[in-house]
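*Asks:* The lines below spell out each chain.
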Amino acid sequence: MDDALVRVGRALRLALLIALAVLFLIPFYLLLRNGLSSERDITSPEWTFFPAELRWGNVRELFDDTSVPFARSLLNSALIAVATTLGTVLLASLAGYGLARIPYRHANKVFYAVLGTLMVPAAVTFVPSFVLVSTLGWISTLRGLIVPTLFSAFACFVFRQYFLGFPRELEDAAQVDGLGPWRTYWLVVVPNARPVFAAVGTIVFIGAWNAFLWPLVIGQDQSAWTVQVALSSFTTAQVVRLHELFVAAAVSILPLLLVFLCFQRWIVAGVERSGID
Amino acid sequence: MSARTVDADAPVAPARAAGEGTPSARAVRRRRALWFWVFVGPFAAGLALFTYVPLLWSVALSFFDAHNTVTPTHFVGLDNYTAMLSDDAFLDSLRVFLLFTAFIVPATYVLALALALMVNRVRRARAFFRSVFFLPAACSYVVAALIWKMSIFNGVRFGLANTVLGWFGGDPVAWLSTTDPPWYWLVVVTVRLWLQAGFYMILFLAGLQRIDPVLYEAAAVDGARPGWTVLRHITLPQLRATSVAVVLLLVINAFQAFDEFYNLLSDARGYPPYARPPLVYLYYTALGQGQNLGLGSAGAVILALIIAVVTVGQARWFGLGRRDADG
Amino acid sequence: MTITRRALLAATAAAGGGLLAACGSNTGRGDGGGGSGPALSQWYHQYGEAGTEQAVKRYAAAYQKAHVTVQWRPGNYDQQTAAALLTDSGPDVFEVNGPTLDQIQGGQVVDLTDLLAGVKDDFNPAVLTPKTHDGKIWGIPQVIDMQMLYYRKSLLKDAGLQPPATLDALVDAAGKLTTKKVKGLFLGNDGGAGVLGGTPLYAAGLQLVTDDGKVGFDDPAAARALGKLHRLYAGKSLLLGAPADWSDPSAFVQGLTAMQWSGLWALPQVQKELGDDFGVLPFPADGPAGRPAVPVGAYAAAVSARSRHKEAAKEYVKWLWVERTDDQEDFALSYGFHIPARLSLAKKAAKLRTGAAADAVRFTTDHGYAQPLLWTPAAQTAYQDALSRIIKDGADPDSQLKTVVRKVSAELDRVKKAS
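Those sequence lines, one after another, are chains E, C and L. At position 181 of the first sequence the residue is numbered 181 (this note's numbering), and the sequence of numbers has no breaks. At position 155 of the second sequence the residue is numbered 155 (this note's numbering), and the sequence of numbers has no breaks. At position 332 of the third sequence the residue is numbered 332 (this note's numbering), and the sequence of numbers has no breaks.
No lab work stands behind these hints: they were computed from the structure. For every residue, glycine included, the Cβ atom is placed at its ideal position computed from N, Cα and C. Be a bit skeptical, because a hint or two may be false.
Stated by the list, open to error - Derived SDA-like pairs: lysine to any residue, alpha-carbon spacing no greater than 20 Å straight-line: (1) K180(L) / W47(E); (2) K318(L) / T69(L); (3) K109(E) / T178(C); (4) K181(L) / G166(C); (5) K416(L) / D79(C); (6) K236(L) / L165(C); (7) K109(E) / W37(C); (8) K109(E) / L49(C); (9) K236(L) / T178(C); (10) K180(L) / W167(C); (11) K180(L) / T178(C); (12) K214(L) / A410(L); (13) K236(L) / T163(C); (14) K180(L) / G169(C); (15) K416(L) / R210(C); (16) K109(E) / G169(C).
Unchecked claim - Label pairs and their calculated CB-CB ranges: (17) T48(E) / R224(L): 44 to 50 Å; (18) A305(L) / V82(E): 37 to 43 Å; (19) G165(E) / A107(C): 28 to 34 Å; (20) H74(C) / G165(E): 48 to 54 Å; (21) V8(E) / L99(C): 37 to 43 Å.
Said to hold, decoys possible - Some chain L residues near chain C, calculated using beta-carbon distances under 7 Å: (22) G106; (23) L240; (24) L256; (25) Q384; (26) D385.
Turn these sequences into a full structure, and let the hints steer you where they fit.
*Replies:* Rendered as structure tokens:
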């Protein structure tokens, strides 16, 4: 009796999971369906689950469109996302380690100053930041798109929490071996903290790839457009090109999905051992 | 955001042990300060330049009449603040935020926890399910809003939602344009749920992994049936720390809501007066052709203060900082 | 554990190395004109019509006295220009759906009055007036855009309806044209609050701001006209939530709606898809003092006060938007559909002499109104919010308008004090 009940419960749970999984996948399916349809098929009054013909030519059309430098924007996004990720992780991990491990009288004050910025919405500082960056002459440069975003309080906070829980014995041993803080950090701490680097790195990478408002305003020249800006250019003031918009959106999330699937294991491991919770 | 943010893990304490006042102690202190700044300095300098300078600049602007300028000369004291606090549209936007939070925080919490519990218990294809629910977290709000607005919840008969309604004989609904009943909430809430539930599910999964299996075995010995009783008396209490962090993160994120609202509801002519959260309202006040930077900054400062008060209050309420002390 | 100079150097180098690696190089400026002389950057918002971008780049390339770089901006153009004008890295020359009064009073744009010496009368006064403040001209109108009502002749005929000549008739027709598959009228996905703006007020014989700078709709006729818009919404005869908004004729040509409010720019596409099966109308009059109304507007070329080459920029604007009448004609008529801002060019244009295009020109001349310069963005927001509540929530028009009148009066006082 009981066994049967348990088995029914288990089957129900599996069914529910599958149903939810299908629901979660529908938007991805729509992205593909619309991206590979003709304009007419997308707006056809009769719903079809699969377009009459899959128009892979849409992808070609997207890259051939001379009015939107889509390939260039993909390259820009990749450059920016990689550079932002490396820079952010480097700066934030050093700072997080210093805050967690180096005894210094004002360490807590510095930490609260970092933490406080988490509560300030970016829109608050948007206009002055823009003016600042433009004063530096960084408009339409990769520098302007990258450097101001490198100092992530969130990343620093996660690293600090992680390093607080890092086993002190390892560092003590390193000190006995005569290593200073700098070499201890690089030779002992970093190699043993890979999950948190992967977790923070992935989160930063996603954020950098998906950023919209800052690249839109800083990347004024077409040669500095990111993929999100290029995407928004398909909804022009007057006419929306639906199929091009959807195929572009599909292409734009591909690299991210790959990164995501590859690093998922690390993210989970990083979250488990970091102080995100 | 976490228990450990507030506690004094006290990197300070060991310094005192070295004994104060003696020349060698001072040298040790100086050396530590130097090392501290080697590690923290580059980050702190960047944060100061790219966050604190603009922040203080904004605060300064909020005391000036700053139409179309960032270097205003006309000091107006607290006028911008009184104007903002007596502006019904701004107060409305705060109400929208409250309502949105009241929806999204419990909804995400329950969905993420349910997903985590189910994925944790499932025997086959666990990695598959985890990936599927986590995958949307890689999507941008721009892309998600596009799918929601143009394909799922558009108001005409070929939208997915309306097609499904049509199978059951329902009339098409203009989801984003209908204020009575306020269907737009369904669109706004589902898009965010889809985007973020997976991320919080991962946090819960991590929390579940840490629960000692012995607890469950003991409960089984005591005759507790797996299911609701165990969930209530073991799982949930054990997940308390995770839950607190998830709720805090959800509230902070709800405060900062901008992207999906903007991408779903704005058009070339502006933004409707409903479902307008504070950041969207401030965006139209301070940026765009509105360009009332003084008023916008005042609103932003008010908002930041509210966020700070709520976050700190929440941390106190949940008794953060006591956790580690309690054991 | 002493810090050696070398360790410190290594630390800074590593931290700096990350920065340097991240910086990369300046991506440089894009393609541009061929002239020598100072470098000027010119901004346009992203036009939807194919060929426009190539055209404006071609004009710029032909200019000899400066090196002009054209930037084509997607996304929220107003917000981008507004932010850019706060800095030195903004454009020298830019088109603007204004300039706004605050931009003029804030000294962000340059006085262009002398550029129009001798030809001022050739510019359509309807669009030149809103670019004029204190007798000075702050932007040169490029082309005139206008909006009107498109309707399907066949559908109206089937329903036994005449093209509506009054607001009541429009409400009535929209209701009768609505079937299970086709809606009667499309006023934009927000139900009309955004695109209609002040148009119903003008149709009721009122205006947004009077000539002497007072609120122009503090009148019972305003509440009456706006109240009728709610009937459209409540009667479920409005199309809402179409994938493309009012500015795109898709909904109309796809048969989702029998009538649609859209721009003149949509005309070629509508003509191509529907042939003769459509007509155009102004927004119909309401009440005894009413008259039909169509909104007209113009993007204007302006010069940023932050420009390092103000004189060169002015000279370029004069060359392109005053002297090069053939380019102006090409810009107005070859891509999409606009009315030239110059009366002499508009008269010459053969395309504007027949059919719906001729109707549109007539509406512009007879019924056109432009948003006054004193109608600031803050006033617009207050009014648009109220209009949305009236249309969708069925809010009481009288009390809503009372609030708007109060806010707009305060705003008018503010800008008058500033000037």
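*Asks:* Straight-line Cα separation of K180(L) and W47(E) no greater than 20 Å?
*Replies:* holds, 17 Å
*Asks:* Quick check: does the Cβ-Cβ distance between T48(E) and R224(L) fall within 44 to 50 Å?
*Replies:* Holds, since T48(E) and R224(L) (Cβ atoms, about 47 Å apart) stay within the stated range.
*Asks:* Decide if the proposed pair is consistent with the structure: K109(E) and L49(C), CA atoms, cutoff 20 Å inclusive.
*Replies:* Holds, because 18 Å separates the two Cα atoms, which is no more than 20 Å.
*Asks:* Holds or violated: are the alpha carbons of K181(L) and G166(C) at most 20 Å from each other?
*Replies:* Measuring from Cα to Cα gives roughly 12 Å; hence the hint holds.
*Asks:* Would you mind confirming whether the straight-line C-alpha gap from K109(E) to G169(C) stays at or under 20 Å?
*Replies:* Given pair K109(E), G169(C) is violated - Cα atoms ~63 Å apart, limit 20 Å.
*Asks:* Quick check on a hinted range of 28 to 34 Å for G165(E) and A107(C), using CB atoms only.
*Replies:* holds, 31 Å
*Asks:* Could you grab the alpha-carbon distance between K214(L) and A410(L) and see if it respects the 20 Å cut-off?
*Replies:* Holds: K214(L) and A410(L) sit about 10 Å apart, inside 20 Å.
*Asks:* Within a Cα-Cα threshold of 20 Å, do K180(L) and G169(C) meet the stated pairing?
*Replies:* Status holds; Cα separation ~12 Å.
*Asks:* The hint names Q384(L) as touching chain C; please verify it with the least Cβ-Cβ distance against 7 Å.
*Replies:* Q384(L) check passes; min Cβ-Cβ to chain C is 6 Å, inside 7 Å.
*Asks:* For the pair supplied as a hint, K416(L) and R210(C), is the alpha-carbon distance within the 20 Å limit?
*Replies:* Answer violated: K416(L) to R210(C) is near 67 Å, above 20 Å.
*Asks:* Could you tell me whether the CB distance from A305(L) to V82(E) stays inside 37 to 43 Å?
*Replies:* holds, 39 Å
*Asks:* Against chain C, with CB atoms and a cut of 7 Å, does the hint on L240(L) hold up?
*Replies:* holds, 3 Å
In this structure, the earlier hints numbered 3, 15, 16 are contradicted, and the remaining ones agree with it.
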